[in-house]
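Chains A and B, in that order, give the protein sequences.
When we follow the working numbering, the leftmost residue of the first sequence carries the number 425, and every step to the right adds one.
When we follow the working numbering, the leftmost residue of the second sequence carries the number 425, and every step to the right adds one.
Among the hints, erroneous ones may be present.
All copies of an identical chain are treated as equivalent in the list; a pair is satisfied when it fits inside any one copy or across any two copies.
Said to hold, decoys possible - Think about it this way: if two alpha-carbon atoms lie no more than 25 Å apart in a straight line, the pair counts; the simulated SDA-like pairs of lysine to any residue are:
hint, residue 1, residue 2
1, Lys481, Gly584
2, Lys572, Asp589
3, Lys572, Leu671
4, Lys674, Leu510
5, Lys572, Met677
6, Lys674, Arg596
7, Lys674, Cys552
It is worth saying that the hints were derived from the structure and are not from the lab.
2 protein chains.
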Amino acid sequence: MHHKVTSDNPIGIFDSGIGGLTVVKAIRAALPFEKIIYFGDTARVPYGTKSQVTIRKYAADDTAILMRYQPKLIIVACNTVSALALDVVEKVCGSIPVIGVLKAGAGLAVEATSNNRIGVIGTQATICSNAYACTINELDPDIHVVSKACPLFVPLAEEGLIDHDATRLIARDYLAGIINQDIDTLVLGCTHYPILRRIIEETIGPAICIIDSAEAVALRTRELLEESGLLNNSGEHALPHLMVSDLPQKFSMIYKLFLGSELPDVELVEV
Amino acid sequence: MHHKVTSDNPIGIFDSGIGGLTVVKAIRAALPFEKIIYFGDTARVPYGTKSQVTIRKYAADDTAILMRYQPKLIIVACNTVSALALDVVEKVCGSIPVIGVLKAGAGLAVEATSNNRIGVIGTQATICSNAYACTINELDPDIHVVSKACPLFVPLAEEGLIDHDATRLIARDYLAGIINQDIDTLVLGCTHYPILRRIIEETIGPAICIIDSAEAVALRTRELLEESGLLNNSGEHALPHLMVSDLPQKFSMIYKLFLGSELPDVELVEV
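The shape of chain A in the complex, shown without the other chains (with noise of 0.2 Å):
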């Protein structure tokens, strides 16, 4: 599981689908002359709903399929899969190193609260994994987390829905109980949710500032690369190369409402 690694070998990233795409986004931001690998296993989306065993065989999997390619680095854009079975992504790695959205959001929201209560929001594994409050608790353990799993978000933003008032009475629902707990900062910890961040914003208010996992991943990359002398600095950009186990009928649909901009080719890649 070596491989020779230099600043011109790419950066992998999976997701169990689409989701995932919005970390893309934010790397291609921050970090303009990466070469991207992304694997989006939409065969087999959503990991969320299913069970611990399941998750951490498709984990194994997805890795496998980017190891192929000599990754410098891999990035696990799946807030379900960083949280159940990142172990199994870092044993299939071997010596690359391999970044979590969930550790980079967790860490960045420990940095931004002052009254040290922090809420979290993801799918039902993620939730239910209690992985964001005991990451955060190793940060530092005086803070105090309030979690609550919202799994429509993730069909609601797949459906285009992020202006519809089904959202809203949904995001009322869901985040009534959070945001009457005082906390400063809320932690999207779902790559679907940026998709929906206005009407999140709207229902907590202003006072509640917003930890966008992407962005903390984008973040916690810039620094890994720089520490390890692995930034590419070409001057080149490239596109993702963008690889997917299934290719359903919205996909477009989707890769626009994520990225802003046409569909690249995808190759299918059979898992």
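Using the hints provided, position chain B relative to the given structure of chain A.
Only chain B this time, still in chain A's reference frame:
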């Protein structure tokens, strides 16, 4: 793929997930002495958002799992597979008869309509395949079919939002365009939708007759078993044998929502 069949052999039923449990419920009500083997591909659910190639591969896998139990009949409870891959199932089944929810629901709708105008709702893949309209028009070319994909109905049903204003708003958005087309019959072309039947009825009003494809498939199954002399009249009730490819956390909550009773033993099967 041939095995000896008597009335004592089980009925095999499969679905992409747990939606097909509405078919199990309807079969048990209509045919109380039949043994039932159910497989739900919960590790790879949903099928409705995936490509045709992937759906056809999964359909072959699911059928092969049921064939191990020497069924006398296979019911495809998944509308997506009925629409896009029934021929694959029939090929794997050999001489064992196959009933798809789609044809059963379409047949009952044709019998029910008086004004020859039928509405159909289902997942994106089912509706885009145009399979309901084709099947209905094969039975009666004079019938006008109006279709609408309702992709959020599945997650709303699984989250139990069966009496929530967000579901009402989304139902109104989805159904407005088809109820103003003067239909007198509406086919619930997805096995999850009976869970939202009350809100759907409330939205379309009392003048439109709802066809539940789970009930339709139970009627068709009874006919076929009577014709072939394979009806089980043993007088012995048996619990259905349930198999799933993954056991998600909320499975028992969903089972209760769908069947109205506590979860029995469930076997985990690898796909």
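Structure-based check of all given hints:
With identical chains, the CA atoms of Lys481 and Gly584 are never at most 25 Å apart, being 30 Å at best within one copy and 29 Å at best between copies. Proximity of Lys572 to Asp589 under the C-alpha cut-off of 25 Å is found in both arrangements, the shortest distances being 21 Å within a copy and 20 Å between copies. Taking the closest pair of Cα atoms, Lys572 and Leu671 come within 25 Å of each other only across two copies (22 Å); inside a single copy the shortest separation is 31 Å, beyond that limit. For the homomeric pair Lys674 and Leu510, the shortest alpha-carbon distance between copies (23 Å) is at most 25 Å, but the shortest distance inside one copy (30 Å) is not.
Proximity of Lys572 and Met677 under a CA criterion of 25 Å is satisfied inter-copy only: 18 Å between copies versus 29 Å inside one chain copy. In this homomeric assembly, Lys674 and Arg596 come within 25 Å of each other (Cα to Cα) only across copies, at 22 Å, whereas the closest approach inside a single copy is 28 Å. Taking identical chains as interchangeable, the C-alpha atoms of Lys674 and Cys552 lie at most 25 Å apart only when they sit on different chains, with a minimum of 11 Å there against 30 Å within one chain.
Violated hint: 1 only; the structure is consistent with all others.
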